[in-house]
Structure formats: structure tokens, C-alpha cells
Amino acid sequence: MNRATPPILFIGLVAAAPAFAQSTPWITDTYATVGGIITNRSGRDFSKIEEYQDLRDGVLSNVWSRGRDDRTWYQFYGENFGRDDQYINLDGGQYSRFRYNLYTNWIPHNFLYNGATPFDGAGTSLQTARFPRPDPSTWNGLNMGYQRKDTGGYFEWRANSPWYFRVDANQVTFDGSKVGSAALGTSPGNGFADLAFPVSYTTSNASGEVGYSTSTMHFALNYLYSRFNNDNTSFQWTNPFFGSNLDTTYLANDNHYQRIGANAVIRALPYSSTFAARYTWSKTTNDMSLPLFALTSAGGSGTGAFVPTLPNTDSYNGELINQTLSLSLNSTPIRNVDTKAYYNYYSLDNHSTQVAFSAESQIDCGGPCTNLLYDYRKHNAGLEAIWRIDRANRLSGGWDYLDIEQNRVDFDSVQYNKFWIEWKNTSLDTVTTRLRYHYLQRRSDFLLGDSGTGPNDPEFINRYIARFDNSDLNQNYVRFTADWSPMDLLDTSVEAIYKHNDYTNTVLGRTKDQRYELFGTVSYGKPSLRVTLMGDYEWVKYDSYHRNISDSSLAGAFDPFSAANSSNYNWAATNKDDNWMVGVGLDWRATDRLVFKGSFQYFRSDGSSDVASQNNFGNPLPIGAYDDWKQTSLNIKGIYTLDKTWSFTAGYAYDRYRYNDVAYDGYQFTVPFPGVTNNAGQSYLNGYRAFANSSASIFYLLATAHF
Amino acid sequence: MRSNSFASALAYAVAFCAWAMCHSAAAQQQAAPAATEAAPKSAEAAPKPAPTMPVCAACHERQTQSIVFTAHGAMNDAQGSMCQACHGDASEHLKDPSKKPENPFSKIVPATAAKQSSVCLTCHVGNRHLAFWESGMHAKQDVSCANCHVMHGTEHNPPIAPFTTSFRPNEADLCGTCHQPIRAAIMKPSHHPIIENKMKCSDCHNPHGALTPVMLKQESVNAQCTSCHADKRGPFVFPHPPVDENCLSCHTPHGSVHYKLTNEHVPNLCQDCHDWSKHPGSFYGADKGWLTPQGAPNSSVSTRLIARSCLNCHNAIHGSNAPGARGKFLTR
Chain P
1 MNRATPPILF IGLVAAAPAF AQSTPWITDT YATVGGIITN RSGRDFSKIE
51 EYQDLRDGVL SNVWSRGRDD RTWYQFYGEN FGRDDQYINL DGGQYSRFRY
101 NLYTNWIPHN FLYNGATPFD GAGTSLQTAR FPRPDPSTWN GLNMGYQRKD
151 TGGYFEWRAN SPWYFRVDAN QVTFDGSKVG SAALGTSPGN GFADLAFPVS
201 YTTSNASGEV GYSTSTMHFA LNYLYSRFNN DNTSFQWTNP FFGSNLDTTY
251 LANDNHYQRI GANAVIRALP YSSTFAARYT WSKTTNDMSL PLFALTSAGG
301 SGTGAFVPTL PNTDSYNGEL INQTLSLSLN STPIRNVDTK AYYNYYSLDN
351 HSTQVAFSAE SQIDCGGPCT NLLYDYRKHN AGLEAIWRID RANRLSGGWD
401 YLDIEQNRVD FDSVQYNKFW IEWKNTSLDT VTTRLRYHYL QRRSDFLLGD
451 SGTGPNDPEF INRYIARFDN SDLNQNYVRF TADWSPMDLL DTSVEAIYKH
501 NDYTNTVLGR TKDQRYELFG TVSYGKPSLR VTLMGDYEWV KYDSYHRNIS
551 DSSLAGAFDP FSAANSSNYN WAATNKDDNW MVGVGLDWRA TDRLVFKGSF
601 QYFRSDGSSD VASQNNFGNP LPIGAYDDWK QTSLNIKGIY TLDKTWSFTA
651 GYAYDRYRYN DVAYDGYQFT VPFPGVTNNA GQSYLNGYRA FANSSASIFY
701 LLATAHF
Chain X
1 MRSNSFASAL AYAVAFCAWA MCHSAAAQQQ AAPAATEAAP KSAEAAPKPA
51 PTMPVCAACH ERQTQSIVFT AHGAMNDAQG SMCQACHGDA SEHLKDPSKK
101 PENPFSKIVP ATAAKQSSVC LTCHVGNRHL AFWESGMHAK QDVSCANCHV
151 MHGTEHNPPI APFTTSFRPN EADLCGTCHQ PIRAAIMKPS HHPIIENKMK
201 CSDCHNPHGA LTPVMLKQES VNAQCTSCHA DKRGPFVFPH PPVDENCLSC
251 HTPHGSVHYK LTNEHVPNLC QDCHDWSKHP GSFYGADKGW LTPQGAPNSS
301 VSTRLIARSC LNCHNAIHGS NAPGARGKFL TR
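Residue numbers (my numbering), protein chains in the order written: chain P, 1 to 707; chain X, 1 to 332.
Hints listed in this document are in silico derivations from the structure and should not be mistaken for laboratory results. For clarity, every value in this text was computed on a predicted model and none was experimentally measured. Watch out, some of these pointers could steer you wrong.
As the list claims (entries may be wrong) - Here are the computed lysine-lysine pairs in the DSS-like style, where the Cα-Cα straight-line distance is at most 30 Å:
| # | chain 1 | residue 1 | chain 2 | residue 2 |
| --- | --- | --- | --- | --- |
| 1 | X | K115 | X | K200 |
| 2 | P | K178 | X | K217 |
| 3 | X | K200 | P | K424 |
| 4 | X | K260 | P | K378 |
| 5 | P | K541 | P | K499 |
| 6 | P | K512 | P | K378 |
| 7 | X | K115 | P | K340 |
| 8 | P | K283 | X | K260 |
| 9 | X | K140 | P | K499 |
| 10 | P | K630 | P | K499 |
| 11 | P | K283 | P | K178 |
| 12 | P | K576 | X | K278 |
| 13 | P | K340 | P | K378 |
| 14 | P | K378 | P | K499 |
| 15 | X | K260 | P | K178 |
| 16 | P | K418 | X | K217 |
| 17 | X | K217 | P | K378 |
| 18 | P | K526 | X | K200 |
With the hints as constraints, model all of the structure from the sequences given.
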């Protein structure tokens with residue numbers, strides 16, 4: 001959509017609107033704002049501050065307008081016209097006849113400013129370089145990011161109520177580049193290269209719905225079609241490890257998605273019951289030709305040759321069928337008791353091509369490379385009840401059961417049982433408290449308990465690796481909430497959460513994780529002075545157990561219960577995230593004409609990774625800086641109302657990011673560093689996330705006309 | 001260009017329809033005088049009546065003015081039928097102002113949430129987005145329509161948020177008054193663009209009720225995520241099974257201190273599932289970063305820890321279409 005289209009559309013609709021007027025006049029209310037913004041930035045890479053917005057110096061603008069007569073109405077809002085974060089939305093219609101919506105929403109997503117890359121054509125489908133290039137000062141500058149534009153709308157016809165018809169359509173485009181990288185060789189010691197992946201996506205969606213909706217029932221049928229198109233399903237780049245030949249990275253392929261849905265709701269059943277149901281069937285498909293050649297070593301580091309990949313078929317046809325069925329019955333079987341019974345079914349059927357790249361290929365997997373066609377069946381059922389004991393007390397509880405049958409190499413069957421109870425009390429007029437507890441138990445059938453022939457068989461370790469997303473689990477969760485209004489205009493709220501996951505029977509993998517969270521808000525609301533205070537503290541810990549195997553020839557290498565030695569030993573990790581935030585918001589009506597608004601917020605997180613190994617083998621050293629953030633945000637503005645027509649706003653904002661992490665502190669653009677000319681496995685980096693410390697001072701001045 | 005062709009076509013189609021309806025209405029208006037021969041034929045049009053103001057406005061002017069531009073205002077009449085539809089029969093109140101109508105939205109003695117919602121649902125129950133209201137968590141948790149939808153306007157608590165270039169109200173400020181952990185999460189360094197007002201809570205959740213857990217609009221978590229992230233739909237030749245099963249195995253959608261909304265720092269997130277000889281099972285500690293613990297440049301830097309860690313090589317983490325081992329091990 002070009003930038004002239006929305007204004008043309010808006011003007012056309014607004015100009016047309018008076019023609020709809022019948023006996024009452026068309027009334028409108030419009031605010032139009034225009035002004036300027038200036039941003040002073042510091043820091044090499046301030047993409048974090050501008051991650052999702054356009055802070056370039058220039059014009060800021062917005063228009064808010066609404067209008068109606070006794071039949072027709074509209075509401076329009078647009079802001080940042082002509083900027084990368086432009087947003088325009090128009091709603092309207094005729095009462096009880098139809099309504100429509102049109103919108104366009106532009107979102108920049110900035111990843112990196114002032115990076116560097118040895119590649120020419122970064123972010124395109126062909127990225128070349130003359131290697132070795134050990135000196136980053138000779139590289140090209142690099143910015144990474146893309147622009148997302150979502151444009152669409154809907155039209156809903158209601159004049160034949162209780163029937164309604166609705167069509168939705170939108171198109172989302174992405175243009176630019178995004179963060180990526182690729183291994184240079186086939187071994188972890190062969191290095192990697194940061195790459196700017198080309199992004200040129202278009203997703204087009206269209207849906208239609210027809211429904212019948214009354215106070216006692218609702219039925220609807222809907223159909224959605226979505227097509228994802230990628231202009232770059234692959235791109236080529238110079239790989240120094242393979243003789244500076246052109247290697248290929250494969251990106252998401254075009255896909256088509258269709259969904260049919262049916263909804264049904266029947267109310268006013270016996271016992272004040274409402275029955276609701278939904279069924280969906282969806283299909284995702286894509287087709288591609290399988291690559292018949294791949295770049296690999298021609299016999300030594302720094303050499304390359306294209307070898308046959310030897311697939312069992314020339315093409316891959318992907319097809320996923322998803323079905324869901326949801327049923328819900330809400331009732332009031334006896335006075336003061338509400339119940340809900342529900343059932344959900346989910347299935348994924350994978351009809352994609354079973355692909356196998358021959359073990360004879362030079363890019364084999366130590367055997368043939370075959371794909372896993374993952375599918376599942378999930379059955380979920382539950383019961384809930386709410387007992388309103390008296391006016392001040394409410395007790396609720398429930399049970400939820402989930403059964404999963406799936407095609408997965410480690411767990412093929414998983415069952416969840418969750419029991420929960422909650423008490424809500426409002427005995428005191430000014431206090432509301434809620435206390436909730438749930439216990440969740442997950443039990444799974446582990447398929448790899450007999451893996452491997454013995455402790456020196458690499459497959460043997462699979463007996464002990466339990467992946468946390470499916471492994472046996474006991475979870476305890478407690479949440480307490482209290483809302484208190486001790487006096488007029490003063491509200492306070494506190495919420496505390498404790499969550500503990502114990503991955504029982506896990507030898508290797510995540511064994512435990514815990515979370516403590518505490519939130520508080522105080523707000524004071526006198527018309528001339530409104531203040532909000534907010535505080536938040538969160539502490540998260542992950543425990544895990546692992547095995548380091550450096551020499552697979554030693555006895556018991558793949559058995560975590562074998563005696564530890566300096567090459568093969570177990571180690572335990574504890575990762576912690578400790579973060580907190582405080583903030584204050586203020587609205588102060590200094591005079592009848594002058595209002596000040598302000599907000600200050602400070603966020604800090606400290607992460608760490610502690611480790612202990614058997615007999616301290618390997619002398620693992622803990623990490624003290626692990627996603628450590630400090631963020632300071634200040635936002636103040638004054639609004640002066642000159643008269644009924646004009647008001648003026650002046651504002652200042654300050655944002656500051658500080659980031660520390662072991663993976664980025666002391667960053668270099670090559671590994672090894674300084675760069676060398678005799679290592680085909682030298683890694684090349686581009687500075688993504690490395691120089692994120694930045695700040696910005698933002699000044700803006702706006703004039704608003706009201707008419 | 002593709003964005004111009006689709007979006008412009010859409011916009012001009014609607015504009016054309018508007019013009020056509022305008023033209024049609026105008027033509028009808030031109031024809032109308034022939035049917036009303038008694039109407040004055042003077043060139044100066046008769047003054048048009050002002051929008052109808054209900055009798056309630058005599059005392060409750062602010063509240064009446066606050067709905068003038070809404071559908072409630074449009075459907076009101078001199079007797080204040082729309083006012084009474086929500087606030088109760090006011091016939092006695094008109095005779096004696098001290099006799100208040102049975103107002104379920106009274107701030108002094110409010111009715112139960114269910115009662116308040118039933119007032120709104122009297123008219124709005126047929127709206128498609130309310131189809132699953134009874135099944136939703138808000139109905140169950142005694143959240144009424146009036147908790148979120150304020151008909152007559154009110155002063156809101158000042159929001160606490162960094163500067164953004166958007167000056168319109170942020171839906172998350174409303175949802176966050178109850179959902180405090182979520183409100184805190186969206187402020188974290190890695191987040192969806194909610195505080196920037198480029199996304200809102202109702203883009204993923206239907207606050208009016210849904211059958212999907214946590215009131216997602218789509219039928220499952222993955223369907224919800226891929227409704228925007230269509231490039232992750234696949235299917236990929238070599239998938240990563242936890243991706244197909246549940247995006248939340250690795251990601252937390254509201255906000256994280258870890259990049260790309262992941263639950264845990266990489267490589268630990270990956271190593272919680274992957275353990276093998278050599279590098280998957282190795283520990284990457286402070287002696288593997290760019291600097292030694294003493295702060296000097298480290299000659300033993302490990303590419304499995306620095307920068308994006310495992311993703312430096314295994315970039316195709318959501319699935320790969322590459323051949324052979326490049327696809328199987330997600331390195332291309």
C-alpha cells in the first residue's frame with residue numbers, strides 16, 4: 001500500500017458519510033496532531049531502543065476522528081503517517097446493518113545497527129566474499145532488520161439478523177533481513193559464519209464466516225485460506241571452509257494453509273446450562289524439489305566439492321492435517337454452584353513424504369538421513385466447580401486430564417493429571433483475596449530404556465536422557481492475590497506466585513525448576529493528581545544434570561553411573577535469573593490548562609550459571625554475567641490547553657540499555673582473534689547483540705487541533 | 001509491488017463501494033422531493049434537528065455527553081430508553097430524584113458480575129465474539145463487562161511505560177491491572193511489540209471467552225503462533241519435534257530476559273534435552289567466553305558458548321529443508 005492510499009480512502013469514506021444522513025445531522029469529533037521528534041542516540045548499536053519503532057528525526061502526527069448520525073458511524077485513528085511504524089485503523093458501519101474495518105499496521109523490527117560483515121550482498125540471495133578476510137576494519141557495514149506491513153480489514157453484514165455474514169482479508173509482508181548463521185564445516189571445530197538472511201515474505205489470508213446468533217443459540221461455519229510465500233527459499237553464500245565455493249542455506253518454503261471451522265452454542269438448557277462446541281480441520285501443505293547436490297569437503301580443510309545427496313525421491317510434499325474438537329458444558333446444577341465439564345481433542349496427522357538421504361552420500365548421518373514424521377493424538381477432559389459459599393466466600397476446584405499418544409523416539413505416551421483449588425474471599429468491603437493451589441503430575445512411557453548394547457555404545461546414554469517437555473513431572477503451584485482499597489482514591493494490589501517443577505526419574509537433563517514472583521501496585525487517584533507505583537520481583541532457577549564425554553574409548557563412557565575420570569564425568573548446572581522492576585507513573589493537573597504526565601521505570605536482571613562436576617573434573621567455572629540487563633526509561637510531557645480548539649504538548653524521554661553476558665563481553669569479529677589467514681575454519685561474526693549498550697534522548701513537540 | 005496491489009485494491013474497492021452507496025443515497029434524496037409535494041421548495045434547506053438528548057441529561061450531562069458518539073447514544077431517545085436499559089427503570093427517579101433506579105452498575109452497591117454482564121448481554125449476546133462467553137475464564141472469575149468496558153469514561157491510572165511513538169491508549173494497560181505478572185513480563189527486554197502498541201493482548205486472546213485454554217483465539221498454541229509466524233508452519237523436511245508439538249517448550253510469549261523470548265539461556269536450554277559425547281554434553285563456563293575470568297582476551301574461546309551459542313551452527317532450529325546431515329542436524 002502506498003502512503004497516499006489510506007488518506008484517499010479516509011477522505012472518500014468521510015465525504016460519502018453525509019450522504020447517508022437521513023433526519024439527524026452528522027456529528028463529528030476530530031483531533032489532529034502534528035509535530036516533530038528529535039532523537040539523540042549514543043552507543044554503537046541502538047537497535048534495541050528502536051527495536052519496534054521509528055525514532056528518526058522528523059514529523060510525528062496522528063488523527064483521531066469519529067462521527068455518526070442516527071444510522072451510520074465511523075471511527076478513525078491514524079498515527080505516524082509516512083513513518084516506518086505507521087498505523088491506520090478505520091471502523092464504521094450502519095447500526096444493526098453492517099460494520100467494516102480497514103487497517104494498516106507497519107512494524108519495523110530492527111536487529112542490528114553498525115555491524116560489520118565480510119560478505120558483499122548481505123541480506124540478499126547471493127552473499128559473496130573473498131576469504132580469508134581476517135581484518136574486520138576492511139569489511140562492509142551492516143544493518144539488519146525488516147519491515148512488517150499488515151494491511152487488511154473485514155466486512156460484517158448483520159441486516160439479516162440473527163444471520164450474519166463476515167469476510168476478513170489481510171496481507172502481511174516482511175522485507176529486509178534477519179539474524180542467522182551457518183556452520184562452515186561439518187564438525188563443531190570448523191567454525192561458523194554470521195549471515196544476514198534475506199527476508200521477503202508475503203502471507204495472504206482470507207476468511208469467510210456465516211453464522212446464526214440469537215440469545216439462546218449460536219451456530220457458525222468459517223473457512224480460512226492462508227498462503228505464505230517466500231521469495232527466497234534458499235540463498236547462497238561463500239563458504240571459506242569448503243574452498244570458498246557457494247554453499248546453500250535453505251529457508252522456509254512456501255506453504256498453504258486451509259482451515260474449516262464450525263461452532264455451536266446452545267444456551268438456556270436445563271440447570272441454566274450452556275453447551276458449546278467447536279470443530280476445526282486444517283491442512284498445511286508445501287512442495288519442494290529436494291536438493292540433489294550439496295557442498296562438502298573435497299578431501300581437506302579449505303577444499304570443496306559438490307557431491308550427490310542421493311535422496312530416495314526427487315521431491316518433498318509436506319502435508320499436515322490438524323483436527324480439534326472442543327466441547328464444554330457450563331451449568332448451575334444447584335443454587336450457588338456453577339460447574340463446567342469439558343473435553344478437547346487434538347490430532348496431528350503427518351502425510352508428508354518420508355525422505356531418506358542414502359548412507360552412500362558423503363553428507364550422510366552415519367547411516368541414512370531420514371526424517372521423522374511427527375504426529376499425535378491428544379485427549380483432554382476436565383471438571384470444574386465453583387461454590388459460592390456466601391456473599392464473601394467462593395471456593396472453586398477442578399481436575400484436568402490430558403493424554404497424549406505421539407510418534408516420537410523417546411516418549412510415545414504421556415499423561416497429565418492436574419488438581420486445583422482456589423478460595424476467594426471478600427469478607428472485608430475493601431479487601432479481596434484469592435489463594436490458588438494446583439498440583440500437576442505428568443507420567444510418560446519412556447521408549448529408550450533399553451538403548452545401546454553396553455556402556456561404550458553411544459546409544460547407551462539415551463537410557464538416561466529424559467527431555468523435560470515430556471519427562472515425568474510433579475508440579476506444585478501456589479498463587480496469592482490481594483486487592484485492598486484502604487481509603488478513598490487509594491488502591492493497592494499484591495500478587496505472589498510460587499512454582500516448582502520436579503522432573504522425577506530424570507538422570508540427564510533438566511531435573512528441577514523453580515519460580516518465585518512478587519508483584520505490587522499502589523495507585524492514588526485524586527482528579528488533580530494520579531500516581532501509580534509498581535514493583536515486581538522474579539527469581540527463576542533451573543537445575544540440570546549432564547554428562548561430559550571427551551573420550552568414548554574409555555570404559556563406561558556412556559554410562560553416567562560409571563566411575564568418573566578426567567575425560568568422562570557428570571556435571572550439574574544451576575541457572576538463575578534474578579530480576580526486578582520498579583516504576584512510577586504520574587498525572588498532575590497543575591492548573592486548569594496545564595497537565596503533566598510522567599513515567600519512570602527501572603528494570604534489572606542478573607543471570608548466572610553455577611556448576612559442579614564430579615571430583616571437580618574439568619574445573620568448570622561458573623558464569624556471573626548471563627543475560628544481565630539494566631534498563632532505565634523516563635518519559636515526561638506537559639500538555640497545555642490553550643482553548644477548546646488548540647492544545648500543545650512538549651515531551652522528553654530517555655531510554656538506556658545496558659547488557660552484559662559472557663557470550664558478548666569482550667566481543668571480537670573473528671575466532672580466533674586477531675583474525676588469521678591460514679585457518680579455513682575461522683569464524684566470522686557480524687556484531688549482532690555485541691554492542692547493545694545504548695541510550696537515547698527523545699524530544700518532541702506537538703500541536704493538536706480539536707474540531 | 002505485491003503490497004501495493006493487494007492493499008490498494010482493497011482500499012479502492014471499499015472506497016468505490018462507499019462512493020456507490022453515496023451516489024445511490026444522493027440519487028434517492030434527489031428523488032425524494034417528488035414524494036413529498038407538501039415540503040417547502042425554497043432553496044434554503046430547513047434547519048435539521050439536533051441529536052436527541054435524553055431527559056437524563058438535565059442532571060447527568062457528563063454521562064450523557066460521554067455516549068453521544070457511540071451506538072448507545074445513537075439509539076437513545078428523549079425518554080432515555082438506552083439509559084434505562086442499563087441503569088434500570090427511572091420513572092420513579094424522574095418524579096423523585098432521591099429514589100434511585102435499581103442500577104446494577106452502582107458504585108455504592110454494585111450488582112454481581114453475572115448480573116451486570118446479563119444487562120449487557122440482553123442486547124449483545126448475539127455478537128459473534130461473545131459466542132463462548134459462558135465458557136471463558138472471565139465469566140468464571142466474576143469479571144463483568146463493566147470491569148473492562150467503561151461506558152461513560154473515567155480517568156485511568158497513569159501508565160508506567162517507556163516512551164513509544166504511539167499516542168493511543170494501550171490495551172495492555174487495561175489487562176495488566178489484573179494480570180500483573182503479564183504486565184511485568186511484557187516490559188522485559190525480549191518481548192512482542194505490545195508496549196509499542198503494535199500488538200495487543202486481544203490479537204492472541206479473546207477476552208470475551210474461548211474454548212481454547214487461556215482463551216486463545218486459535219484452536220491451539222501452535223496455530224496461534226503460526227497465524228503470524230507463517231514461516232514456522234513448515235512442514236519442514238527435517239522438523240524439530242518439540243517445535244511441532246508446542247512452541248512453549250522453548251518460548252514464553254509475553255516476555256523474557258533471554259533473547260527471542262526463550263525460557264532459558266542457550267546453550268542450557270538445548271542441553272536440557274540434548275546430551276551426547278563431545279560438545280552437546282560439555283560444560284561451557286566462564287573460561288569459554290571472550291574473556292578469561294581475569295578479564296584478558298581468551299585464546300580458548302568456544303564457539304559453542306559465544307554469540308548465539310548452539311544456534312551459531314544449528315541455526316535452522318525450527319526445522320530444515322537442507323539435504324542429508326545438513327538438514328538432519330539443522331545446520332542449514
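The hints, checked one at a time:
no.: 1; hint: X:K115 <-> X:K200; in the structure: holds (28 Å)
no.: 2; hint: P:K178 <-> X:K217; in the structure: holds (28 Å)
no.: 3; hint: X:K200 <-> P:K424; in the structure: holds (29 Å)
no.: 4; hint: X:K260 <-> P:K378; in the structure: holds (28 Å)
no.: 5; hint: P:K541 <-> P:K499; in the structure: holds (10 Å)
no.: 6; hint: P:K512 <-> P:K378; in the structure: holds (25 Å)
no.: 7; hint: X:K115 <-> P:K340; in the structure: holds (19 Å)
no.: 8; hint: P:K283 <-> X:K260; in the structure: holds (28 Å)
no.: 9; hint: X:K140 <-> P:K499; in the structure: holds (23 Å)
no.: 10; hint: P:K630 <-> P:K499; in the structure: holds (25 Å)
no.: 11; hint: P:K283 <-> P:K178; in the structure: holds (28 Å)
no.: 12; hint: P:K576 <-> X:K278; in the structure: holds (25 Å)
no.: 13; hint: P:K340 <-> P:K378; in the structure: holds (20 Å)
no.: 14; hint: P:K378 <-> P:K499; in the structure: holds (25 Å)
no.: 15; hint: X:K260 <-> P:K178; in the structure: holds (12 Å)
no.: 16; hint: P:K418 <-> X:K217; in the structure: holds (23 Å)
no.: 17; hint: X:K217 <-> P:K378; in the structure: holds (19 Å)
no.: 18; hint: P:K526 <-> X:K200; in the structure: holds (29 Å)
Going through the hint list in order, the structure satisfies each hint without exception.
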